[in-house]
Structures are given as structure tokens and as C-alpha cells.
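Model the full assembly from the supplied sequences, consistent with the hints where possible.
Sequence order for the protein chains is B and R.
Under my numbering, the letters of the first sequence match residues 3 to 117, in that order.
Under my numbering, the letters of the second sequence match residues 324 to 440, in that order.
Be aware that a few hints might be false.
Said to hold, decoys possible - Listed next, the in silico SDA-like pairs over lysine to any residue satisfying Cα-Cα at most 25 Å (straight line):
1) B:24 / R:362
2) R:364 / B:10
3) R:378 / R:389
4) B:51 / R:326
5) B:109 / R:337
6) R:343 / B:47
7) B:51 / R:337
8) R:389 / R:374
9) B:24 / B:111
10) R:337 / R:408
11) B:60 / B:49
12) R:364 / B:15
13) B:79 / B:115
14) B:51 / R:350
15) R:389 / R:428
16) R:364 / B:42
17) B:109 / R:328
18) B:109 / R:333
19) B:60 / R:422
20) R:378 / R:427
21) R:389 / R:436
22) R:343 / B:79
23) B:109 / R:414
24) B:79 / R:428
25) B:109 / R:332
None of these hints come from the bench; they were simulated from the model.
Each chain, written out:
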Amino acid sequence: AQSVAQPEDQVNVAEGNPLTVKCTYSVSGNPYLFWYVQYPNRGLQFLLKYITGDNLVKGSYGFEAEFNKSQTSFHLKKPSALVSDSALYFCAVRARISGNTPLVFGKGTRLSVIA
Amino acid sequence: GAVVSQHPSWVICKSGTSVKIECRSLDFQATTMFWYRQFPKQSLMLMATSNEGSKATYEQGVEKDKFLINHASLTLSTLTVTSAHPEDSSFYICSARGRGGASNEQFFGPGTRLTVL
Numbered sequence: 003a004q005s006v007a008q009p010e011d012q013v014n015v016a017e018g019n020p021l022t023v024k025c026t027y028s029v030s031g032n033p034y035l036f037w038y039v040q041y042p043n044r045g046l047q048f049l050l051k052y053i054t055g056d057n058l059v060k061g062s063y064g065f066e067a068e069f070n071k072s073q074t075s076f077h078l079k080k081p082s083a084l085v086s087d088s089a090l091y092f093c094a095v096r097a098r099i100s101g102n103t104p105l106v107f108g109k110g111t112r113l114s115v116i117a
Numbered sequence: 324g325a326v327v328s329q330h331p332s333w334v335i336c337k338s339g340t341s342v343k344i345e346c347r348s349l350d351f352q353a354t355t356m357f358w359y360r361q362f363p364k365q366s367l368m369l370m371a372t373s374n375e376g377s378k379a380t381y382e383q384g385v386e387k388d389k390f391l392i393n394h395a396s397l398t399l400s401t402l403t404v405t406s407a408h409p410e411d412s413s414f415y416i417c418s419a420r421g422r423g424g425a426s427n428e429q430f431f432g433p434g435t436r437l438t439v440l
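Next comes the structure, spelled out in C-alpha cells:
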């Protein structure tokens, strides 16, 4: 079975500082990994994904994530946080199998960027 | 990116009534659609997966007779909450994926907030 762990419910960071939102996963075989962001009362917006290739993935709004197979992690990072980055972030995984496998989400991490 | 719309964005209904939520893929053909439910401050919980023209596959613990899902075309899926009760109040989010397999991105609708009085 697939699962995603986001160990931090809340991450606080000062504006301009680097941020990291942690994610580890469990899946049979190699994974497809995703990060989404959710603003209040809104649906999810895609940030980035890892399918294959370079372990460092760059996405929207200056975010990036690094796939680490040995640690089964896919932490989200940004070099310099903005107040507007404050939102709920979800990590998701999907197994590389055929069929209609859905995304399985972590519980989410609330990021608060303080001016 | 591709756009998925949901209608209505919010709905308030009386206990015992039924509510239909529509999910549309606006600029691509959604061979697979997913329905999620999100409680306050919690993650998205998958309710069911549906393919165009076939019956939905429900996750364990989700009552298929209560949450009716229809995926009648490649651009439309509906979720009907039948005989709604206050405990059905939640944020419902649909997601759609086009052809191309599991590496394809899932696009999410903006969600529908259901409040059952």
C-alpha cells in the first residue's frame, strides 16, 4: 500500500529565509511524487512532480524538491520564502503501475511565513 | 495547465435532501476522475475513482449508495450525496486525469463546500 508522511503539522519561517517542508513516502517500486499547495477554501494547485531523471525538480513559484531514493524522501524547498507562500502544502505519491491508481496524500503541512 | 471546474462552489441544504456536485474538465478529456473529501485541517481522503462509461470504484468505508458517482462523458462526472445528514458536511474536491497513464498529472477542481443543516 502507498503512504505519505508529512511529519510537521506546521512550519514557521521568516520572510527571506529558506524553507523546507518534509515528506517521506512508502510505495512498492519506484514512485511518482507530487507537491500541491492549497489556499483557504480553494482546490489544490500543482507545484511540481518527480517522474524520472534528475533528482532535483524545479517547479512553480520558485519551489523545488529533491527526490532521495535511499531515504524515501521528497522534501519541498525554496531558497527565500515570501509571505504569499503561506498556505497548506500536500505531498502525494502514486505507484508506477498501470491502471487508475490515484494519488495518495500526506496530511498536509501548514506553512506560515512571517514578515 | 488543464482546468477542472466544479459546481456549485458551495451549497447549503436541509437534512434528508440530496445534493448533486458537478465536475468538468474544460480543455481535456478526463479518462479518469477522482472524488476526494476533506475535513477541516485534514488531508484529502479518496472516496472513489471513476472511468468514463463504467461504474465507480469506491474506497473502503465509503457508502456507494449514499455517494452516487456518475462519469457519463469524458468531460463530466457528478457526485450526488443522497439523503444528506450533518455529518456529510465537508469540502468535496474532484480531480481529473487524462490519457497517458500514471505519470500524468491530476488536475483538481476548486472544491465544493457542502453544509447540511
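Hint-by-hint comparison with the structure:
Taking the CA atoms of residue 24 (chain B) and residue 362 (chain R), the gap is about 22 Å. The hint holds against a cut of 25 Å. For the hint pairing residue 364 (chain R) with residue 10 (chain B), the CA-to-CA distance comes to about 13 Å; that is within 25 Å, so the pair holds. About 15 Å separates the Cα atoms of residue 378 (chain R) and residue 389 (chain R), which keeps this hinted pair within 25 Å; it holds. A threshold of 25 Å between alpha carbons decides the hint, and for residue 51 (chain B) with residue 326 (chain R) the separation of about 18 Å falls inside it, so the pair holds.
Proximity of residue 109 (chain B) to residue 337 (chain R) is assessed by CA-CA distance (about 30 Å); at most 25 Å being required, the pair is judged violated. With a C-alpha separation of about 24 Å, the suggested pair residue 343 (chain R) and residue 47 (chain B) falls inside the 25 Å cut-off, and the hint holds. Distance hint between residue 51 (chain B) and residue 337 (chain R) is unfulfilled; the C-alpha atoms sit about 41 Å from each other, more than 25 Å. As the CA atoms of residue 389 (chain R) and residue 374 (chain R) are separated by approximately 19 Å, the hinted pair is consistent with the 25 Å bound.
Under the criterion of a C-alpha separation no larger than 25 Å, the hint pairing residue 24 (chain B) with residue 111 (chain B) is consistent with the structure, at around 8 Å. Between residue 337 (chain R) and residue 408 (chain R), the direct Cα distance comes to roughly 8 Å. Compliance with the 25 Å bound is thereby established for this hinted pair. Restraint check for residue 60 (chain B) and residue 49 (chain B): the C-alpha separation of about 9 Å stays at or below 25 Å, so the hint holds. Pair hint residue 364 (chain R) plus residue 15 (chain B) holds up; C-alpha atoms about 20 Å apart against a cutoff of 25 Å.
Annotation: proposed proximity of residue 79 (chain B) to residue 115 (chain B) holds, straight-line Cα distance about 13 Å (limit 25 Å). About 21 Å separates the Cα atoms of residue 51 (chain B) and residue 350 (chain R), which keeps this hinted pair within 25 Å; it holds. For a cut-off of 25 Å, the pair hint linking residue 389 (chain R) to residue 428 (chain R) is broken: about 29 Å separates their Cα positions. Restraint check for residue 364 (chain R) and residue 42 (chain B): satisfied, since their Cα atoms lie roughly 10 Å apart, inside the 25 Å limit.
The straight-line distance between the Cα atoms of residue 109 (chain B) and residue 328 (chain R) is roughly 24 Å, inside the 25 Å bound, and the hint therefore holds. With a C-alpha separation of about 23 Å, the suggested pairing of residue 109 (chain B) with residue 333 (chain R) holds against the 25 Å cut-off. Among the hinted pairs, residue 60 (chain B) with residue 422 (chain R) is consistent with the structure: their alpha-carbon atoms are about 24 Å apart, no more than 25 Å. Our distance criterion of 25 Å between C-alpha atoms is met by residue 378 (chain R) and residue 427 (chain R), whose separation comes to about 22 Å.
A C-alpha spacing of about 17 Å is found between residue 389 (chain R) and residue 436 (chain R), which places the hinted pair at or below 25 Å, so the restraint holds. The straight-line distance between the Cα atoms of residue 343 (chain R) and residue 79 (chain B) is roughly 39 Å, outside the 25 Å bound, and the hint therefore fails. Between residue 109 (chain B) and residue 414 (chain R) the CA atoms are separated by roughly 15 Å; this keeps the pair inside 25 Å, and the hint holds. Taking the CA atoms of residue 79 (chain B) and residue 428 (chain R), the gap is about 20 Å. The hint holds against a cut of 25 Å.
For the suggested pair residue 109 (chain B) and residue 332 (chain R), the alpha carbons sit about 23 Å apart, so the restraint of at most 25 Å is met.
Checked against the numbered hints above, the structure violates hints 5, 7, 15, 22; every other hint is satisfied.
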